[in-house]
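With the hints as your guide, set chain B onto chain A.
2 protein chains.
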Amino acid sequence: MEKIDLEAMGQRAAKVKYELQRLPEKRKNEVLSEAAEQLAADTEIILEENGKDIHRAEENGMHPGMIDRLRLTEGRIAAMAEGLRQIAGLKDPVGEVLETFVRPNGLRIRKTRVPLGVIGIIYESRPNVTADAFGLCFKAGNAVILKGGSDALLSNMAVTASVRKALGHSKVSEDAIQLIESTDREVASRFMRLNQYVDVLIPRGGAGLIRSVVENSTVPVIETGTGNCHIYVDEYADLEKALPIILNAKTQRIGVCNACESLVIHEAVKARFLPELARALQEAKVEMRGDEQVCALVEEAKAATEEDYGTEYLDYVLSMKVVSDLDEAIAHINKYNTKHSEAIITENKENAERFLNEVDAACVYVNASTRFTDGFEFGFGAEIGISTQKLHARGPMGLKELTSYKYRIEGNGQIRH
Amino acid sequence: MEKIDLEAMGQRAAKVKYELQRLPEKRKNEVLSEAAEQLAADTEIILEENGKDIHRAEENGMHPGMIDRLRLTEGRIAAMAEGLRQIAGLKDPVGEVLETFVRPNGLRIRKTRVPLGVIGIIYESRPNVTADAFGLCFKAGNAVILKGGSDALLSNMAVTASVRKALGHSKVSEDAIQLIESTDREVASRFMRLNQYVDVLIPRGGAGLIRSVVENSTVPVIETGTGNCHIYVDEYADLEKALPIILNAKTQRIGVCNACESLVIHEAVKARFLPELARALQEAKVEMRGDEQVCALVEEAKAATEEDYGTEYLDYVLSMKVVSDLDEAIAHINKYNTKHSEAIITENKENAERFLNEVDAACVYVNASTRFTDGFEFGFGAEIGISTQKLHARGPMGLKELTSYKYRIEGNGQIRH
Chain A
1 MEKIDLEAMG QRAAKVKYEL QRLPEKRKNE VLSEAAEQLA ADTEIILEEN
51 GKDIHRAEEN GMHPGMIDRL RLTEGRIAAM AEGLRQIAGL KDPVGEVLET
101 FVRPNGLRIR KTRVPLGVIG IIYESRPNVT ADAFGLCFKA GNAVILKGGS
151 DALLSNMAVT ASVRKALGHS KVSEDAIQLI ESTDREVASR FMRLNQYVDV
201 LIPRGGAGLI RSVVENSTVP VIETGTGNCH IYVDEYADLE KALPIILNAK
251 TQRIGVCNAC ESLVIHEAVK ARFLPELARA LQEAKVEMRG DEQVCALVEE
301 AKAATEEDYG TEYLDYVLSM KVVSDLDEAI AHINKYNTKH SEAIITENKE
351 NAERFLNEVD AACVYVNAST RFTDGFEFGF GAEIGISTQK LHARGPMGLK
401 ELTSYKYRIE GNGQIRH
Chain B
1 MEKIDLEAMG QRAAKVKYEL QRLPEKRKNE VLSEAAEQLA ADTEIILEEN
51 GKDIHRAEEN GMHPGMIDRL RLTEGRIAAM AEGLRQIAGL KDPVGEVLET
101 FVRPNGLRIR KTRVPLGVIG IIYESRPNVT ADAFGLCFKA GNAVILKGGS
151 DALLSNMAVT ASVRKALGHS KVSEDAIQLI ESTDREVASR FMRLNQYVDV
201 LIPRGGAGLI RSVVENSTVP VIETGTGNCH IYVDEYADLE KALPIILNAK
251 TQRIGVCNAC ESLVIHEAVK ARFLPELARA LQEAKVEMRG DEQVCALVEE
301 AKAATEEDYG TEYLDYVLSM KVVSDLDEAI AHINKYNTKH SEAIITENKE
351 NAERFLNEVD AACVYVNAST RFTDGFEFGF GAEIGISTQK LHARGPMGLK
401 ELTSYKYRIE GNGQIRH
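First to last, the protein sequences are chains A and B. Residues 1 to 417 (my numbering) are what the first sequence spells out, left to right. Residues 1 to 417 (my numbering) are what the second sequence spells out, left to right.
Among the clues, some could well be false.
Copies of one chain are not kept apart here, so a pair can be met inside one copy or by any two copies together.
To be verified - Only pairs whose alpha carbons sit at most 25 Å apart, straight line, appear in this in silico DSS-like list of lysine-lysine:
1) Lys335 with Lys111
2) Lys15 with Lys335
3) Lys111 with Lys349
4) Lys400 with Lys111
5) Lys349 with Lys52
6) Lys270 with Lys241
7) Lys91 with Lys111
8) Lys285 with Lys302
9) Lys26 with Lys171
10) Lys171 with Lys285
11) Lys302 with Lys349
12) Lys171 with Lys111
13) Lys15 with Lys270
14) Lys26 with Lys285
Hints are computed from structural coordinates only; laboratory data are not their basis.
Just chain A, with the same shape it has in the complex (with noise of 0.2 Å):
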């Protein structure tokens, strides 16, 4: 393979920019709706690519689970397709004025919402996130740089060479998406360099792969971080309440990030609640592991370490604790979570606003699931990500999140004094 030219590709992201940024909504939802049916068009040559990358996958040894995020389908290749109509569907979040003020010298500043610039996207190994993340970037008025996971790197060629033929037919820039075509660490290492031309970073994977990104980028990283969530069954919980929420953020959907991982417990109602929650967790097959108190009201649960407290398990397992006061369930949450989704249960009011105000998350329930903690249930209509680090976005992340703003300052002379 050719050396990869990364600046030229900045470069060409870096002038495309200027184009997108002035691009109407209109013909922004005609490229989309035009791409959405070249995916549907090129199906047959997507799965002979994504096939060559699945073949690949399996003669390496992949594992089953691994192979099933690689592998494309024919209804997947249309799921891509309609996401993409539906981010046609949404509100253009470029050219909103945030706020409007006049000074006394009579400058008027207007904050305008504009788009970022040029995206940068590390992913790895789902084609799909190909499709989705351009089709984010792309109504948002930013140009996107894709780095895919080597294993799929035949099939993300496919998806962008369909996204770019659409377009030319446009007549907009195919550089609007430029796929690095490389496997190489080393590759990948200079894109998280290329300041010049690149305003955000966005990983999106496990936690290695975020990881890397942190501690290798110069460019500004949006963290997509992990879930270690908890719920915390407080001294006035409704317990009816209580079972079916633990059970719906624990096992509706054990491998992501929004996931219930923990739980913490009052003493108060431990002894009436444990018993039935166990049944009910052990009926589910969720392993429990709790601490004393815990395993000495539960027969089948077993002891918990001090890493269980700190661990994602993305699992059918849960860690337990009990705690003697809202303060200890407060400072427990704050200690171990990674910042991502905490809920209380409670019917008491004065309880829940301190564990809304203190507990350190990007998202904070009351009597609710923790799986909630998403872009479309939150009635974005779409998600790039959800952030756990606290500057630009915090939670889930849509449109408006992949947008920066610039103040517009208009006088008759004014000068500085």
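Then chain B, alone, in the frame of chain A:
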């Protein structure tokens, strides 16, 4: 000097941040007033310590301009105290509800402003930053860890000790401000990788410092960059407005990031405008460096090199270029600017609109001096710096820019289907 335990400092900051998040506005304002009084009361000891820093700097042959930055006087300490009192008068941003939405399933979601948590500030030799940065971070509910320039170590220690005394008197944890008492570069490097405890790093200083932080930090950084600011004199400019704006932006204060460094002039007005402008600039002792067309009309102008167009002079020097249309002006500015502040002088609404839309900068002006890019001039009442990146905050940063948000979600038993 003993080894600095950054880990322990981080832990203390992370602990105190929960206390600060809950501190009511009234208490915060009391602390700020108390700190102002304490600084005044400690003037003598601060001046004494500052005198030692000055003495050492003089022995080391430091440039007089740098020594002036380092020097504290009774007046400067009084100004630091007054700065803290002004911050006490600003509205507390914490707790503001930014958005409320109710989902079809009844979940009520409130996007609410919260402190960032722990802010790290890395700065050079102005000891007044110590009090300023504390004041702003504290009012926005954040703990701050400071790393000042080695030349100012004793001054910074004296200011920090004074503020900590005030915190103690006010029964607030003194660790709301911590100073890294080290002149060791290795300690600075470790500070930039303290991701577990520090939510954001803000470098304040010259281009070299900022580049070093961007290059080496794994903690998210808000880049406060340089300003290679342009003024474009359009074909439809009111030249009566253009002249005072250019003089103001170039000469009112030369060493600041929002000063004008480069002029772009439409060829249709060059013959009418350049001779008059040149006279005025000469009178103001501004050296002119222009392209061929400028040099043909202005005898005193030297030939500008490619490097000139990319230089932030911070001096009585101005680069100048003639263009044949607005497109060329915008392309030139987008090529050479540092995304800080750019102005167009025009009476043509369409050209103004295009300039505002298409020039990529934090602040874009019509018929006003670029010198207004400033937190105080914008009415923020304060400024921690001017961001030239697009993530989180762009342009002047006041108290709001030192906050994040969280989603508070209230339900009555909702689970996800």
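Hints, verified against the model:
1. Lys335 with Lys111: between (38 Å within a copy, 23 Å between copies)
2. Lys15 with Lys335: The answer is between: 10 Å across copies meets 25 Å, while 45 Å in one copy does not.
3. Lys111 with Lys349: The answer is between: 19 Å across copies meets 25 Å, while 37 Å in one copy does not.
4. Lys400 with Lys111: both (14 Å within a copy, 14 Å between copies)
5. Lys349 with Lys52: Classified as neither: same-chain Cα gap 57 Å, cross-chain 56 Å, threshold 25 Å.
6. Lys270 with Lys241: Within. Shortest intra-copy distance 15 Å satisfies the 25 Å Cα cut-off; inter-copy 76 Å does not.
7. Lys91 with Lys111: Answer is both: 19 Å inside a copy and 19 Å across each meet the 25 Å cutoff.
8. Lys285 with Lys302: For Lys285 and Lys302, the Cα distance is within 25 Å only inside one copy (14 Å; across copies 81 Å).
9. Lys26 with Lys171: Within. Shortest intra-copy distance 13 Å satisfies the 25 Å Cα cut-off; inter-copy 58 Å does not.
10. Lys171 with Lys285: Neither: 55 Å inside a copy, 51 Å across copies.
11. Lys302 with Lys349: Close neither inside one copy (34 Å) nor across copies (72 Å); limit 25 Å.
12. Lys171 with Lys111: Cα proximity of Lys171 and Lys111: none, with 31 Å in one copy and 39 Å across.
13. Lys15 with Lys270: Result: close neither inside a copy nor across copies, 62 Å intra and 29 Å inter.
14. Lys26 with Lys285: neither (50 Å within a copy, 52 Å between copies)
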